[in-house]
Every structure is written in structure tokens, then in C-alpha cells.
Amino acid sequence: MSRGKAGFWWYLLPGALAFTAIIAVPFGANLYLSLTKWSGVGDPRWIGLDNYSRLLQDDVFWTSFRNTAAMVIAMVVVPTLIGLVLSATLFDVIGRRFGPKTASFLRATFYLPQVLPVVVAGILWGWLLRPDGAVNAIAKAIGLGEHDWLGDPKTALPMVMLVMIWVQIGYPVVIFMAALQRVDPDLYEAAEIDGAGWFRRFQAITLPQIRPETFVVTLTCTIAALKVFGPIWALTRGGPNNATTVPSYFAYNAFFNKLQVGYGAAVATALTLVIVAVSIGFLKVQGRVEE
Amino acid sequence: MRSPRTMISMGAAIVSLALVLAGCNSGGDDAGSDGGGEKGGTLKLWHYESANGAMGKAWDQAIEVFKAEHPGVTVEFERKAFEQIQQNASMILGSDQAPDLMEYNKGNATAGLLSSKGLLTDLSDEVASRGWDKALSPSLQTTARYDEKGVMGSGNWFGIPNYGEYVTVYYNKALFKQHGVAVPKTLDELTAAMDTFVAKKVTPLGMSGAEYPAGQLYYQLALSKADRSFVDNYQLYKGAVDFKADPLKYGADTFRQWVDKGYISKQSASLKAEDMGTAFIAGKTPMIVSGSWWYGRFASEIKKFEWGTFLFPGNKLNAGSSGNLWVVPEQSKNKKLAYDFIDITMRPEIQTIMANNGGVPVKADLSKVTDPKNKELIANFDAITKADGLAFYPDWPVPGYYDVLVAGGQSLINGSKTPDQVLTDLGKAYDQGVQEIKNG
Amino acid sequence: MSRKDPDRFRQGKARWVVLALVGLTAALVLVPFVIMLMNAFKSPADYSSNGPLAWPESFQLDGLKTYWQQVHFEGKLLNSIVISGSVAVLGVVLSLLNAYALGIGRVRGRMWIVALFLMANMIPQEALVYPLYSMAKSFGLYNSQLSVIIIFTVIQSAFGTYLLASVLGTFPKALLEAAALDGASRWTTLWRVVVPTVRPTLSVLLIFFFIWTWNEFFIPLVMLIDNSTQTVPLALASLQGDRLMDATTTNAGALISLLPTVVFFLIFQRTLTRGVTVGAVK
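Chains as they are written, first to last, in this note's numbering: chain A, 1 to 291; chain B, 1 to 440; chain C, 1 to 282.
In case anyone wonders, no lab produced these hints; they're calculated from the structure. From the three backbone atoms N, C-alpha and C, an ideal C-beta is built for every residue, glycine too. A portion of the hints provided could be inaccurate.
Unchecked claim - Over 12 angstroms on every C-beta distance to chain A, these chain C residues come out as not near it, computed from the model:
#, residue
1, Gly23
2, Ile151
3, Arg192
4, Glu216
Claimed, not checked - Each computed DSS-like pair below joins lysine-lysine, with the alpha-carbon atoms no more than 25 angstroms apart:
#, chain 1, residue 1, chain 2, residue 2
5, B, Lys335, A, Lys154
6, B, Lys201, A, Lys140
7, B, Lys238, B, Lys386
8, B, Lys173, A, Lys140
9, A, Lys37, B, Lys134
10, B, Lys373, B, Lys303
11, C, Lys173, A, Lys284
12, B, Lys303, A, Lys154
13, B, Lys117, B, Lys67
14, B, Lys417, A, Lys154
15, C, Lys137, A, Lys101
16, B, Lys134, B, Lys368
17, B, Lys201, B, Lys185
18, B, Lys149, A, Lys37
19, B, Lys177, A, Lys37
20, B, Lys272, A, Lys140
21, B, Lys244, B, Lys272
22, B, Lys335, C, Lys13
23, B, Lys304, B, Lys177
24, C, Lys13, B, Lys333
25, B, Lys134, B, Lys261
26, A, Lys37, C, Lys13
27, B, Lys117, A, Lys37
28, B, Lys316, B, Lys386
29, B, Lys117, C, Lys137
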């Protein structure tokens, strides 16, 4: 571009202003609050790094991060893999052989859990996972035996993971299906003529072509997994016995139930730093791959 | 399809619409519903009771009475989501968007906290001049008055309750008759009754581990061995509380025993209170230990069998307290109108409406109550308050203690921790919390 | 030498197997929704006596009617549409501007800038709430829809900037050079060359922003106090009391709340299938 890059900075101005007002300033305030003791009313009291040292010794804090690893599996790894396969199947096989309307209908079906308010999802899954619910009815029928899925610390987290997979599948499917439309059909035709089968084409053409979207999906799902709050709140409130607690819920509890805003702010800051570190790692990899 | 220009104009239109709507909605103090509030003023009134519940119906009538007695005043009533008030009360009351009068939760962590930060109006003068203190027994006044630190029991008046609540035992008369069980009058008789049910392969006690019922049962059991000084220590921080000694140790141990003996299902750890309630309505559960707040719903939804209530056998102290309070935010713009409304809600005719719809009013005229089960419910409550038997709720002393109790209850039900371990957890959280409160 | 047909899905039964498998998965995904439908049309007594998983004894519309009237749903619907619609449009525009500079302009340090914008998505909302409340109060925007619109525009455009910047990063230079040769300014290039090409991505963003904002609960709970400003998710929350909850009305309300978003998604799905591919280079 002959005009040089300077003019492009103007385009960033509105975004920068909005970001400063809505994100940067409040985050700064949050940082300040994390160094104080405050109940939400009245004046905060300065206590320096006390909240942070308390955080490092808090077992529940570390448990919440361990549970986050489970959330990453349930919200990133599994949905992305399933999403890739499903979207390719819907786009290629079903879209072409049965018509775009069928593919669209199925896509909408998979996306539906994303549209459902999370509180309602919690109620519905609560009914399914109840001791006298549908899951136990099926488990009894196939000989697995009844179980208190959400009440047993050992099975609560896997069940929450299952629900999260259900919720997340639709998002990669929609993004990947849009991405697949960007791929030049000529590339596929050329490969078919050369004798490449479906899987070979998927591997050699589809995957590299939708790489930007793959990065976006994995990064945003990872951030969402690290930040997840709603489903935990709706399904188990972090229990039983902190078996399913996550940092966001831990922070929320401190903010609004225990009225320890300073401590909650410290948890939120710690969580943000982790997310930032993970994201920067991701973006670096993406940048290198894009060169 | 749509050119960028069209998209931008669409966007601009939406944004303009948004700004206009926002302009109409922000500020909000001049938003009288028909604009006729100039002469007499406006009463902005919020509560979160359901429309077909006892309080909802009584307060609807109170609004009508208020309108009749205050012509020219516009009443802006909004039914709120409990969640919103619970979470954001301090934010709302600290702004100029606060209402003139609202319902709010009683207890140190809620009304106490806000009163100590100056967000609630001190009602003491009004109480004296209108005689509200004569209508409320000393037991009920505990949750209406808070000191400068926000601890209930003494100090200025910050809220006025219209109703009360307490924990009792609901029982399925049909199941009792079927298995030949009589209404127990002592704790021993209760255990014997539950043994009978277990022998007939029926789980006697419905339970919910994921919400408040487990904690309330544990507390009721503890109260069976407690006296008023324990309650004062536990709730008002008057003295130290030993979690490894009775009555709390008795509460946890007995709860675990009841699970082991099959009185409580081991699979109730993940059940919500709603699940426990609906199981009772469906006729599957002989008994549940829970609060008077269920009464109205049971009365309207249970049609297939006879049911009743009896006080937790043998207890002189029972979980319970005054109901939620009417509070007047410090930022209220029409305090006098708010006081008038509160006064109306305390009148006999309003209290009677509450009584006849399954509620427990503070000052009921039992002769006007038509349904005998209603009467019994209210009479039991009156008996408790007269004997100063209200012990409040186990999660009150420390903010956030509710989650700790739920975790403890679940551990007692699913066996993942011993009662001793649970008591340690409960004690630690309690001590830490009280420490924070005392150090301000 | 006969060549084995490389695409065995072109004919034969395999495609039916695939359809069946995908269909079965879809059916499993729908199970909770079937339960929601069942309970939306149940009477409260039926639900309490027979449990949530039983087929309704009779189909009642009472729950839906009660819910609609009790929460003044028309008002909530309008609020949600206005807020979500504004955020969707403004968010896409903001993302586009940012991504144009980052993806095509390739300004220096763009990876760091993207990361910075993404911070809006990385910070848990609880951390922002108290400061945002204070700021909104001082600007007189507390309890107004504008505060919510501004906040979510920023938060959603973080994702939009990232996605669009990634996509624009692989934008075919040929198109840009062609436009430059025609003497187009940066602004004209943006609207006449870039936007039409990435319309599928813009549509995706529009749909996502609308739906995500529609279902947002936490920040509206904090910012929107008067019932007249509140959105659909908040109306749903009003059914959950301190200790009691109204299950059948909640399901009916959930059904009603769900329909607008589903309709929106179905309408805009078509624009996804009508997208223009990058193959327009020819």
C-alpha cells in the first residue's frame, strides 16, 4: 500500500477509547480493590498484598484451578474435535447429498444449547441427573446402577463436563461451517481429480484453510473455559464440597456472598493474569504459524 | 443483498432509537406512570413476593387501601427478582435510583450490614409514635433492630416485619395411617416412628442436600439440646461457640446417625429444596422438616391426600424468625408516604388476608382465620414467639456461611466426611467470619 | 486401469448411515429441550405430583399466559431487542474498524494490540462490576440501557476484533492491490472491497453478538434496576424466589425467552449459506 501504515491507526481510535473506558479503567480499579479490604459499602481499607498471600494458601483456590483443567477438556478439546468433524460432515456430506436445508436444520439443532439461558439449562439437567431422573433410568437399564451423579464429589465434575460439552458443541460447528464456505471449491475439485479421498482432502485442504478460525475457536473456548461461571452456578454452586468450584465462582462467592470484595478482586486479578498468559502464548503460536 | 450503506443507516437508526429510549429511562425520578404525581407525590414500592402468595395478596390489598387514603399519590409498584435485590442491594440503595420503600431480607448480613453503613432510614421515632413496637413481640423485634455494628437484637429500628416464618414438620397423614404411625410428641417417638417406616422400606424423611433444608435439620437437632444463651452466643456473638461440643456436635452426629439408619436417603445430597417439596406433594414422602413458606403451595397443590403439620417434637427452640422487613432507604424521596404504607400493612384486615392465604402474620386475629390448618400453623408460631423460642437460621451469623453449611450437609449425607471433620470445617469458617465482624 | 471412485459418498448407502448418526446425535442434544417443552405446558399441580420427567396429563397454556402478563413480557422483549440489536451492529462496526487496521493495515505490534483488546473478554465480569457501577452512576447512566449497550459493545467487539483480524490477515492481497490501482482510499476499500468479501464472517459475528448479548444476565442484573429497562433473562430470574421457585412457569418463560433468539438465528442462518467466497478473485 503506497500510503504507508500511519493512516491505519485512526481506525483503532474508537476501539481504543471504548476499551479504556470500559475495561482498562475498571480493571485498574479492580487492581486497587485487590489491595484493600472492603465489604461493598463504605470505604475500602488498604491492606497491601495480604489478599494475595491469603490466596496462595487457600486450598479451595488451588482446587478451583485444578477443576479448570477439566473445564478446558470439556469446553475446548472435545467440542473443537467434535465440531471439526461435525461441521465437515454437515457441510460436505449432508449439505451436498441431502441439501443445504437439512444441513442448516441440523446445525441449528446443535447450536440450540448455546441459545438456552444457562439458568434454565441448570434446572433441566438437574432434573435429568437427579437420583430419580432420566440418566439413572438409563444407567439402571444398561446395568450401570443408580447413582447420585451431582451429589457425589467423584462424579459431579465429570457430569458437569458432560453438560459443558453439550453446551459448547454448537459454537465450533457454526464457526467452522462459515469458515468452510470461504474455501475455494476449485481446490477440492483439483484434489478429487488427483484421486484424493474424503479424509485426505479434509486433512490437506480443509484443515489448513480454516486455520484462522481453528485458532479463534480454541483460544476463545479456552478463555471461556478459564472464565466459566454460569453453568457451575446453575448446576452445583461449586459443590459438593468444592468438587466443581472454579475460579470465577470462587471470586463471585467472595464478592457477593462473603462480602469480601478485596479478596474477590485478588482472585479475579489472579485469574485474569492466568488467562492473559495463556492467551499470549496462543497468539504467539498463531502469529508464528501465520507468517 | 444489503449494501454497506444500508447496513450503516440501519445501525444508525438502532443506535438513535437506543439513545432515545435510554434517555427516557435513565434518571427515572420523573417517570410517574400517568404523570399525575406532581401534586401528591409518588410512592415507589418494591417487593419480591409472588403474586399469588399470602404476602403478595395482602400487600396488593394494602396498595389499594393506600391509594384510597392518598388520592393524588401515584403508587409505582414493581415486583423484583429476589436475586437482583440480594446481590445488588448496596449498589441500588447507594444511588438515587433507590425506591421509597422496599422489602429486604432480615439478618446481620443483610439489613444489619446496610443499616450500619447508613443506607437505611432509622425508623425508631415512627415506631414510637405509631406504636409498631406494641404489635411485635420481643422475639420478633430482634430482627427489626440493629446496633451500629449491624448486629441484630438491640439498637435503632431499621425494618418492620409483617409476617413470620419458622421451621416445622409437615407430614403425610395418609402414609402415617397406612403404616400405623402416630404423631410423635418427643424426639424418641419421632425416631421410633421413622424406624417403623424404614422397616416398611419407606424413607421417612425427605431431604435436600444442595440447598438449605440439610442445614436447617442439623440446626433443629442442635436446638433440641440448646438454650437461649447458646442462640445468643451463636447468632449475636455474645460468647464463644464450641463446635466440638454439644449442642452442635449432637446436631451433626445425630444427622449422620439418621442417614446411617436410613431415615434420610443417601442420594439426597444433590436434591434441591424444590425436589424435596415436589416429592412431598406427590405423596412419596412421609415427612419433611422445613419452613412455613411451603404452606401456601402445599395447600393449593396437594389434593390427593390429607396432610398436616406438627412442631419439631420436644424442641423449645425452633429455627425461625420474623419475615422479611419493610425498609425505607435513606435515599427515599417520600419517607412519610412510606411510613403510611407500613402502617396500613400492620392493620388487622391486611393481616387477616395474609392469615387466610397460608401466611403467618405477626399479629393475627385467630378468630378471623377460616381454615383450621391455617389456624394451627399460626397458633404454633404464636406459641413459639410467646415462649421466646425463635432461634433464627444457622447460616445467619457469618456472610457466605450458607455455602459452608450446604457443603457440610452434603458431606454428612454422602458420607465423604465424618461428622467431626464437618464440624471442624463449620467451626473454622464461623470463627474466621466472626473475627472479621468483630474487627470491623 | 479402472480407478476406484475416490469419493465413496457420491452414491450408495453410506450417506444414509452418516445422516442417521448425525441425526441421532442431534436428537440426543434435543432431549433437555423436550423436557422443557413438556413442563412448559404442564399445570403446577401436575408437575408437583408426577415430577418433571412425566408426560403432561393435559396441555395447559396457562403458564405461558401467566408469565407473559406477570413480567410484562412485551416490554422486556423490546428492551432485549434494542439492546442486543444495538450491540450486534455497533460491535460488528467496531470490530471491523479495529480489524481493518490490524489485519490489513498490519500496524506494528498488532499481536499485542489484539491481546489487549481481548482483555475485555478475559476479565471476569465480577471484577468489572463495582467500578462500572461507580462510573455509570457518576455519568447518570446507572439504570439505563445505554450503559449496558456500551459495555457489551466493548466486550463483544473484543472477540470480533480477534476473529476478523485473523480472517483479514489472510485477505488476498490481489483484491487490495486492484483497489489501490483503481485509486480507492482506505475508507472506500474497506466498504467496497473488504466488507463484501468477508460478509459471511460479519454475519457470524452479528448473530453471535446478538445471541450472546441477549442471554447476558450478570451485568444487566447489576445495571438495570427499574423493571421498565430490564431484559428477558432478568424477567426469567424474577420467578426464582429466596426459597421457592415456580418450575412450570419458569419453563414456560424459558420457552418464550428462547423463541426470539431461535427465530433470529434461523432467519440469519440463510445469510450464512449465501456467503460470497474468496474465489471472487477471478
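(message) Given the hinted pair Lys244 of chain B and Lys272 of chain B, is their Cα-Cα distance within 25 angstroms?
(response) The hint is violated at about 28 angstroms.
(message) Tell me if the straight-line CA distance from Lys13 of chain C to Lys333 of chain B falls inside 25 angstroms.
(response) Violated, at roughly 75 angstroms.
(message) Hint check: Lys335 of chain B vs Lys154 of chain A, CA-CA at most 25 angstroms. Holds or violated?
(response) Status violated; Cα separation ~54 angstroms.
(request) Please work out if Lys117 of chain B and Lys137 of chain C have their alpha carbons no farther apart than 25 angstroms. (result) 19 angstroms, holds
(request) Measure nothing beyond the straight line between the CA atoms of Lys149 of chain B and Lys37 of chain A; if it is 25 angstroms or shorter, mark the hint as holding. (result) 17 angstroms, holds
(request) Sort out whether Lys37 of chain A lies within 25 angstroms of Lys177 of chain B, counting only the CA atoms. (result) 58 angstroms, violated
(message) Using Cβ atoms and 12 angstroms as the threshold, tell me whether Ile151 of chain C really stays out of contact range of chain A.
(response) Incorrect as stated: the minimum Cβ-Cβ distance to chain A is 6 angstroms, not above 12 angstroms.
(request) Verify the proposed pairing of Lys117 of chain B with Lys37 of chain A, using a straight-line Cα cut of 25 angstroms. (result) It holds: about 15 angstroms lies between the C-alpha atoms, which stays within 25 angstroms.
(message) For Lys417 of chain B and Lys154 of chain A, compute the direct alpha-carbon distance and say whether it is at most 25 angstroms.
(response) 13 angstroms, holds
(message) Does Lys368 of chain B sit within 25 angstroms of Lys134 of chain B, going by the straight-line distance between their CA atoms?
(response) 20 angstroms, holds
(request) Assess, step by step, whether the Cα of Lys316 of chain B is no farther than 25 angstroms from the Cα of Lys386 of chain B, and give holds or violated. (result) 11 angstroms, holds
(message) Please verify whether Lys201 of chain B and Lys140 of chain A have alpha carbons no more than 25 angstroms apart.
(response) Holds, at roughly 20 angstroms.
In terms of the numbered hints stated before, the structure departs from hints 1, 2, 4, 5, 8, 9, 12, 13, 15, 19, 21, 22, 24, 25 and 26, listed from lowest to highest.
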